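Protein chains in written order, with the numbering used here: chain A, 1 to 257; chain B, 258 to 514; chain C, 515 to 771; chain D, 772 to 1017; chain E, 1018 to 1263; chain F, 1264 to 1509.
It is worth saying that the hints were derived from the structure and are not from the lab.
A portion of the hints provided could be inaccurate.
Unchecked claim - For lysine to any residue, the following SDA-like pairs were computed, each having C-alpha atoms within a straight-line distance of at most 25 angstroms:
| hint | chain 1 | residue 1 | chain 2 | residue 2 |
| --- | --- | --- | --- | --- |
| 1 | D | K819 | B | T421 |
| 2 | D | K819 | D | K860 |
| 3 | F | K1292 | F | S1349 |
| 4 | E | K1106 | C | V592 |
| 5 | D | K842 | B | T349 |
| 6 | A | K161 | A | N221 |
| 7 | E | K1193 | C | T594 |
| 8 | D | K848 | B | T421 |
| 9 | D | K819 | D | M778 |
| 10 | F | K1365 | B | G486 |
| 11 | D | K947 | A | L79 |
| 12 | F | K1334 | B | I464 |
| 13 | D | K819 | D | P864 |
| 14 | C | K690 | C | T546 |
| 15 | D | K947 | D | R867 |
| 16 | E | K1065 | A | G167 |
| 17 | C | K548 | C | G687 |
| 18 | A | K55 | E | L1250 |
| 19 | B | K312 | D | H836 |
| 20 | A | K55 | A | A250 |
| 21 | F | K1352 | C | C696 |
Said to hold, decoys possible - Computed footprint of chain A on chain D; a stretch qualifies when at least three of its residues, placed anywhere within it, have a C-beta under 8 angstroms from a C-beta of chain A:
| hint | region |
| --- | --- |
| 22 | 875 to 881 |
| 23 | 907 to 920 |
| 24 | 959 to 972 |
Quick caveat: nothing in here was measured; it's all calculated off a predicted structure.
Here a beta-carbon is modelled for each residue, glycine too, at the ideal position from N, C-alpha and C.
Chain residues, written in single-letter form:
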Amino acid sequence: MSSEIMSEIKRDHIMKLLADGKRQDGRGVTDTRKLEVEVNCIESADGSARIKLGKTEVIAGVKIIPGTPFGDTPTSGVLTTGAELIPMAHPTFESGPPGEDAIELARVVDRGIRESGMVDVEALCITPGEEVWMCFVDIYALNYDGNLFDAANIATVCALKSATIPGEQYGKGENKPLPITCLPISVTEVKVGNTLIVDPDYDEEQISSARLTVTTDDNGNFRAMQKGGRGSITLDELSLCLDRAVEIGAEIRKIIG
Amino acid sequence: MSSEIMSEIKRDHIMKLLADGKRQDGRGVTDTRKLEVEVNCIESADGSARIKLGKTEVIAGVKIIPGTPFGDTPTSGVLTTGAELIPMAHPTFESGPPGEDAIELARVVDRGIRESGMVDVEALCITPGEEVWMCFVDIYALNYDGNLFDAANIATVCALKSATIPGEQYGKGENKPLPITCLPISVTEVKVGNTLIVDPDYDEEQISSARLTVTTDDNGNFRAMQKGGRGSITLDELSLCLDRAVEIGAEIRKIIG
Amino acid sequence: MSSEIMSEIKRDHIMKLLADGKRQDGRGVTDTRKLEVEVNCIESADGSARIKLGKTEVIAGVKIIPGTPFGDTPTSGVLTTGAELIPMAHPTFESGPPGEDAIELARVVDRGIRESGMVDVEALCITPGEEVWMCFVDIYALNYDGNLFDAANIATVCALKSATIPGEQYGKGENKPLPITCLPISVTEVKVGNTLIVDPDYDEEQISSARLTVTTDDNGNFRAMQKGGRGSITLDELSLCLDRAVEIGAEIRKIIG
Amino acid sequence: MSGHTDMVLVDENGMRIDGRTAEEHRHIKIEAGVLENADGSAYVEIGKNKVLAAVYGPRECHPRHLQNPQKAIVQCKYNMQAFSVSDRKRPGPDRRSIEISKIISEALEKVVLTELYPRASIDVYIEILQANAGTRCAGLTAASVALADAGIPMRDIVPAIAAGKADGHVLLDLNKEEDNYGQADVPIAIMPSTDEIVLLQMDGNMTREEFDHAIELAVNACHEVHDLQVDALKRRYSKPAKEGSE
Amino acid sequence: MSGHTDMVLVDENGMRIDGRTAEEHRHIKIEAGVLENADGSAYVEIGKNKVLAAVYGPRECHPRHLQNPQKAIVQCKYNMQAFSVSDRKRPGPDRRSIEISKIISEALEKVVLTELYPRASIDVYIEILQANAGTRCAGLTAASVALADAGIPMRDIVPAIAAGKADGHVLLDLNKEEDNYGQADVPIAIMPSTDEIVLLQMDGNMTREEFDHAIELAVNACHEVHDLQVDALKRRYSKPAKEGSE
Amino acid sequence: MSGHTDMVLVDENGMRIDGRTAEEHRHIKIEAGVLENADGSAYVEIGKNKVLAAVYGPRECHPRHLQNPQKAIVQCKYNMQAFSVSDRKRPGPDRRSIEISKIISEALEKVVLTELYPRASIDVYIEILQANAGTRCAGLTAASVALADAGIPMRDIVPAIAAGKADGHVLLDLNKEEDNYGQADVPIAIMPSTDEIVLLQMDGNMTREEFDHAIELAVNACHEVHDLQVDALKRRYSKPAKEGSE
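Build out the structure end to end from the sequences listed, making use of the hints.
Here's what the structure looks like:
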């Protein structure tokens, strides 16, 4: 059977279920998948987390290294986030430098972390104007079954939360925890037909028209958003997404907090 | 009608006209197209010019930034010229790093500027051996209808001529005009059949066999030349090109001077 | 005749000869091809050698330049080896950055040089922690007829052996010979059928299953090895290769010593 | 969004440093049909932003493996020219411009009737000549006009504008200083006939009330931008055809 | 291999700094079938090394010009994750990983029955999550298990381990300190049914006797690794099938 | 061309620092058929320049989209080896070598009877082993001989040489010092049967009289170079055929 017919059948099946508010794996439209988090699994990293969100699996590692601050922020540490969609994670992922999907993923995660001020970058200053701690987050998709945005966000937040500034390794004082001020959590929904569903799996993403990722902080304030996909969302749908992002974000924050 | 037949017909048409010393747009063989120059159109640049030569349209911008001199020229500023044939300008131009055509274009323009000493690079020294002004010229083709060499040369000369050294922005003294010593002007001709025509348009370039760009300074001395194309030019043709380059160069210099 | 049939015929021919212990060009299985070495053929290099091993031809050049030592070896000079399989050398070689074959070649040659301590890198220190001599070896295949590993090794060893530290050029003391402690020589064999043959030519390499390169020092100790190819070698075959590598390595060392 | 600043960006009378009120956008100038070779083109100024957009297509899709047998794809390339920003930008795409190209492509694909041109590509090139906060919105606004100028059938002409927050106030269409020293930025693009959102990003710090207010400002302003887009196209079609297209 | 050190790596009782004897390998843990999407996968720990391997295929070979009309090709990509080493590794392939990918591909091609799948590619991805000397052997060990987990017919399951020399002693399975301050390293992989060598590298300084001893240690240890590989596969097949493959 | 120097490059007797008169070229050595695998090859020395050229083709044209259904294309790659210059040159093409490759390709395409080989590519590789001012001329001179050695039909064998200006004098064939501290350089290549110019560049500062004189010197010298090219080919054909071509 051709893959096109297959996907047509799958689409019909998912749409029919959604008409009754149900999903392939038995979840309701606002249910997230089971989350498993393993922190500090990588000793060579200064912080790390490997997480599973359903069958989607992501690892994030943090390396913290002394470096030179940017000229316009002489007392601020530097935060950098990269993501790779390695071919291990899905048959459609290819080797090579990050493509637009990986770049968008990294930038959306980065914005949530950065704009929420999760890491107190001012506390990363070693010598003003000369030396600061540079914090590199590297995210790898290990298995892709939808919603890499939230999986990568959670892995990154957990890795940073568990990270240690390796002062002793570099003769820059004693080791101490990376200073964390809050936990920015993203909640991603996609639109299938006219239904918005939370934490989509691969099949749901494939047949969706639009995607919205909303990142909130501990106060339920909005810190980052990104609409994706070739569809549109109405103002009412946007409002619904915002409500859910606050609520579900708070639940996830409790799990990993 | 296939594009090959089209181009065959176009070729015949142009050749027939040239036999009578005429061109598609009514010009004679030594006539340049209408030149329109808008200088300092880009406030974010330290100097800029957007020019039209017939339907060929080019923008050049200058950025002047403090930097480190080369070891062998410790008291000289640095001049760098890049060109991009962006896909906006013509259906055959492709995205990506500059190809051989863009590189040749940038290098020929650069040679004219550099060899004529148009910019007094010694006057760009801030602290000998330590800091000098670096002058970046970036050229973008916006619409390509032949003779990018002269269009890019004129845009660059006009942009440099209008440029200001942004001393205040960098706390390096007051703003002052970029020191200009002369106006190097290139004149490009192509050979169609056995006729040399000045300032070719796209169709004329397409059917030409050889191209010669000759850059002169205010004294009518030669500063740069570049023969291109898969044809040859005779010594007599070369001589004719040199005569015309001096004469037409002086006219253009008057227009932009 | 298709190239596949050609190669089938060639394979049969070579195999038949080998059954009698003979090779296409009349050599025995342990015979190396004629070696011609021209040292210091490139005046712009600080050391150079162009060598022929049968019809395989390789040029290696050394440039020695003051630079900064690595942080973990503040008193050691730096040694870097690169190889290019330029399209001049064989119809199947392509332009572009080094591919996996060129990278493996460079790294195997590099390991032999580096691990044998051929170049006394401690003697390349100019100012501890600040400045050392950096020694760049660049290898180009000029004509490829098999066994680039040994050809590149010999060219590199000869180029280094003939090299001069250009102290005067950089105002860092007088010129002196690059300090050499030993001559690491690699011997490469391939397995055709069940026969191991030394110094394979192109045809022999094409039909071989496995390759083994063994690099020895002046004492007959092992300094580097690399098994390549999609075949296997038995422990007995390994033992035979090691014996031959010591013996043949010593002969080559005498020729170039 | 640095968020931490003592800079006064809105005075006691609610006036912004460039003299605008909170709900005012910068001066906008739109011109259609400004380049000879492109099938469609547009020039847009919003405040000090200067943007060119050009459209080629529908034409054969390269690379081939991106072809969709059911419909055309929209491929947008957003590019900042080297001199468009205060520090020289190194030529070539960076991560930011790749992301912006992607979300603008997606926004445009919603409105173009791509199903009319199976296997084809509609190529949109956005060049930022001068940047001063808001280039992605200016670029998308220009691209929509260029698509219309190219005669490509669309459900709607898409306007885009940002709202944001600076000095504690929700403001329309942030300028460079407000963007640099403000607390939030929300670029948005809509289909004016339905107010459906086709592009939305947000970064910074906003309460729900602030965000709702920002969206309201931006959606209203999008309708104004849309009027200017339509005006530009009307002016374009009342001009004589460009010489090259006779 | 620096070779020059005063560091005591083996004490007077022949004990190594991590408490092993000369002929002992580090703790090894092997698990098969650890990833959902891959056709086969494995996770391997050897001491502090942590390695994932995934197999996709046989599938269509890209790029096309690498297709072999007679048989499948094995394409391995070995990759160190950025945080797997003490200094951050810049993402993307470097010369070392390109070389390792090549020799692992060649080793695996010897054992896979490639002739069963003309024109196909069998793609093997090795990700080093944490590195501590010995990653290429750990990676090849994991890849072999992943290939078996993918149900790809093989002549043998390939184990790999290194022997080496440090502090003047021939040692099995060097750890990071022994690798950094030792005198030789010899990674090796064999087909256990015949002891034929499919991967062999060496660097450092060894006499013939030392080298022969190292090979002996490594070949013996390969058989132990092989037993652990087989165990892992048995455990895998006694587990219920993974959900995705129902 | 720095142009500003107190260096004496021509003495009161008109003698240059390497002992030549203004109208003399450096010692030239040309050898044809120097590489085994290439279809044609040549080695050229001009003073301290050492250059190899190899030709492969006519053969299938890669990449395909460059194929011309009417004729062959000539694709030249000019490359400076890392050790050919006083500072080590980083491997890989830079902007200068891309430009030189382009203009040499164009010059050669004029003389090769490309119409005999539709769709084919004639690939010319120029490797600069040692550089000392004048490599592009030496490279083109070598490439022409290599093309003839490959038996590729040509209208003419192209010689190339530069004239220039240093210390105020018009000089033939500038050496490194004259090039570095001189006032102009004019590389040129001609078809000797007609004196038509197929390659011409100029940079520096020259009056019309100086330029005309330079061209005269260079055209005359081109004929001398051409004689040496023909000599080399004659010697080549009087040698026994290379073993590989039996």
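Flag every earlier hint the structure violates by its number, smallest first.
8, 14, 17, 19, 21 and 23
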